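J.: Each chain, letter by letter, is given below.
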Amino acid sequence: MNIILNGSNEEVSDDTHLSDIVLKLSNSSTGIAIAVDNEVVPQSLWLSTTLHAGAQVEILAAVQGG
Amino acid sequence: MGTGGAPSLSILREALIASETQITTIAMRRVNPATSGSIFDLLKELKIAPLPNTAGCYTAGDAILTAQLAREALGTDWIKLEVIADDITLLPDPIETLTAASRLVAQGFVVLAYTNDDPILARKLEAVGCAAIMPLGSPIGSGLGIRNPHNIELMRSQLTSPIILDAGIGTASDAAQAMELGCDGVLLASAVTRAQKPDLMAAAMKFAVRAGRDAYLAGRIPKRWHALASSPERLTTKVQASNSVSRSPKSDLPTISAANPEEDQRESPQF
Numbered sequence: 005m006n007i008i009l010n011g012s013n014e015e016v017s018d019d020t021h022l023s024d025i026v027l028k029l030s031n032s033s034t035g036i037a038i039a040v041d042n043e044v045v046p047q048s049l050w051l052s053t054t055l056h057a058g059a060q061v062e063i064l065a066a067v068q069g070g
Numbered sequence: 081m082g083t084g085g086a087p088s089l090s091i092l093r094e095a096l097i098a099s100e101t102q103i104t105t106i107a108m109r110r111v112n113p114a115t116s117g118s119i120f121d122l123l124k125e126l127k128i129a130p131l132p133n134t135a136g137c138y139t140a141g142d143a144i145l146t147a148q149l150a151r152e153a154l155g156t157d158w159i160k161l162e163v164i165a166d167d168i169t170l171l172p173d174p175i176e177t178l179t180a181a182s183r184l185v186a187q188g189f190v191v192l193a194y195t196n197d198d199p200i201l202a203r204k205l206e207a208v209g210c211a212a213i214m215p216l217g218s219p220i221g222s223g224l225g226i227r228n229p230h231n232i233e234l235m236r237s238q239l240t241s242p243i244i245l246d247a248g249i250g251t252a253s254d255a256a257q258a259m260e261l262g263c264d265g266v267l268l269a270s271a272v273t274r275a276q277k278p279d280l281m282a283a284a285m286k287f288a289v290r291a292g293r294d295a296y297l298a299g300r301i302p303k304r305w306h307a308l309a310s311s312p313e314r315l316t317t318k319v320q321a322s323n324s325v326s327r328s329p330k331s332d333l334p335t336i337s338a339a340n341p342e343e344d345q346r347e348s349p350q351f
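Line by line, the protein sequences are chains A and B. For the first sequence, my numbering assigns the number 5 to the initial residue and increments by one for each residue that follows. For the second sequence, my numbering assigns the number 81 to the initial residue and increments by one for each residue that follows.
Everything labelled a hint here was simulated from the structure, so no lab data went into it. These figures come from a predicted structure and were not determined experimentally. Check before you lean on any hint, since a few could be wrong.
Short, incomplete list of chain A residues facing chain B, as computed with Cβ under 8 Å [as the list claims (entries may be wrong)]:
1. Ile7
2. Asn10
3. Ser30
4. Ser32
5. Gly35
6. Ala39
7. Asn42
8. Glu62
9. Leu64
10. Gln68
Only part of the chain B face toward chain A is listed, based on derived beta-carbon distances under 10 Å [stated by the list, open to error]:
11. Thr83
12. Gly84
13. Thr105
14. Ile119
15. Leu123
16. Thr134
17. Ala135
18. Ala153
19. Lys160
A few chain A residues that don't get close to chain B, going by computed Cβ distances all over 10 Å [to be verified]:
20. Leu51
21. His56
22. Gly58
Quick reminder that beta carbons are idealized off the backbone N, C-alpha and C, glycines included.
With the sequences and hints as input, model every part of the structure.
T.: Structure follows, in structure tokens:
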């Protein structure tokens, strides 16, 4: 199914969990947060959260700035 | 200190250590698989508390979501609220900032609000519950120092919250001036990260902040229109018109006359 990951269209399998997506993008899970459809999903729920088609997923990390 | 603008993590590391900062800002951005090294891990190693900011947000809604993400990612309620109006001036949007501040405070955040140097807006931010007010000295990265010291002084006299001068600091004297005006601290990034020798500038800033703070606490002399002699007045008031050293019994300083009276009769040289 198609989701919007960090602003780009991304094709993922229908039973993808948030934790799978994090692994694809980063080899660390510290300093990272995820919002699905503009709602923050706590890290404790990443393993259990699946996505729907067209979901807007933002994965942000702490970077140099400010 | 801020972390923006440093050319590399290792240079940033040396500068952070030299500055002896205890709190450092970081931004939240979309994860990029290509980046190596983690600012989050660096701050943990140096035992510096991270202060996430909402840099890059133009609306209250964006800032609020970013703050929520930052709280989740870093496990802190502290947030530097930064909502800018455009990407050229980087000046804060006062209305979006005030709106976001009010809602973030209601959600339990400890809000350090980046704002302009308007004392009235600062008052309103304090009134909605911001934990600190952070006025700019001049635009971000401009190095123009404090453009309106009068306003910063006014702000200090009207607020009870901590005031942290944030943006525009260019060199050590700017940081010292901020503290002399009564600020409780300064937040700077470009002045250090973009200096030719960041670790040396970071140390300079550390000394400047301490010096400015002590000067503020020491109670400076007022500015005077005319001079005020610091040596005691001489007892004699009459200048002796002779060409020898005279010692009046009442004076406590010998007088030597300025000219030989006979020489005064000569013609002045023609110019």
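J.: Mind verifying the non-interface call on A/Gly58? Its CB should be farther than 10 Å from each CB in chain B.
T.: 19 Å, holds
J.: Min Cβ distance, B/Lys160 to chain A: is it shorter than 10 Å?
T.: Where the cut-off is 10 Å and the nearest Cβ of chain A is about 6 Å from B/Lys160, the hint holds.
J.: A/His56 clear of chain B by more than 10 Å, beta carbon to beta carbon?
T.: 19 Å, holds
J.: Is the interface hint satisfied for A/Ser32? The criterion is a beta-carbon contact with chain B at less than 8 Å.
T.: Given a least distance of 6 Å, the restraint on A/Ser32 holds.
J.: Once the shortest beta carbon distance from A/Leu64 to chain B is found, is it less than 8 Å?
T.: 4 Å, holds
J.: Does A/Ile7 pass the interface hint, meaning its C-beta sits closer than 8 Å to a C-beta of chain B?
T.: 14 Å, violated
J.: Once the shortest beta carbon distance from B/Gly84 to chain A is found, is it less than 10 Å?
T.: Hint on B/Gly84: holds, closest Cβ of chain A at ~5 Å, below 10 Å.
J.: With 10 Å as the threshold, tell me whether A/Leu51 passes as away from chain B on beta-carbon distances.
T.: 15 Å, holds
J.: The hint names A/Ser30 as touching chain B; please verify it with the least Cβ-Cβ distance against 8 Å.
T.: Holds, about 5 Å.
J.: Using the nearest Cβ pair, does A/Asn42 come within less than 8 Å of chain B?
T.: 6 Å, holds
J.: Under the criterion of a CB-CB separation shorter than 10 Å, is B/Thr83 in contact with chain A as hinted?
T.: Since the shortest Cβ distance to chain A is 4 Å, the answer is holds.
J.: For the hint on A/Ala39, just tell me whether its beta-carbon gets within less than 8 Å of chain B.
T.: 6 Å, holds
Going down the numbered hints, you'll see the structure goes against just number 1.
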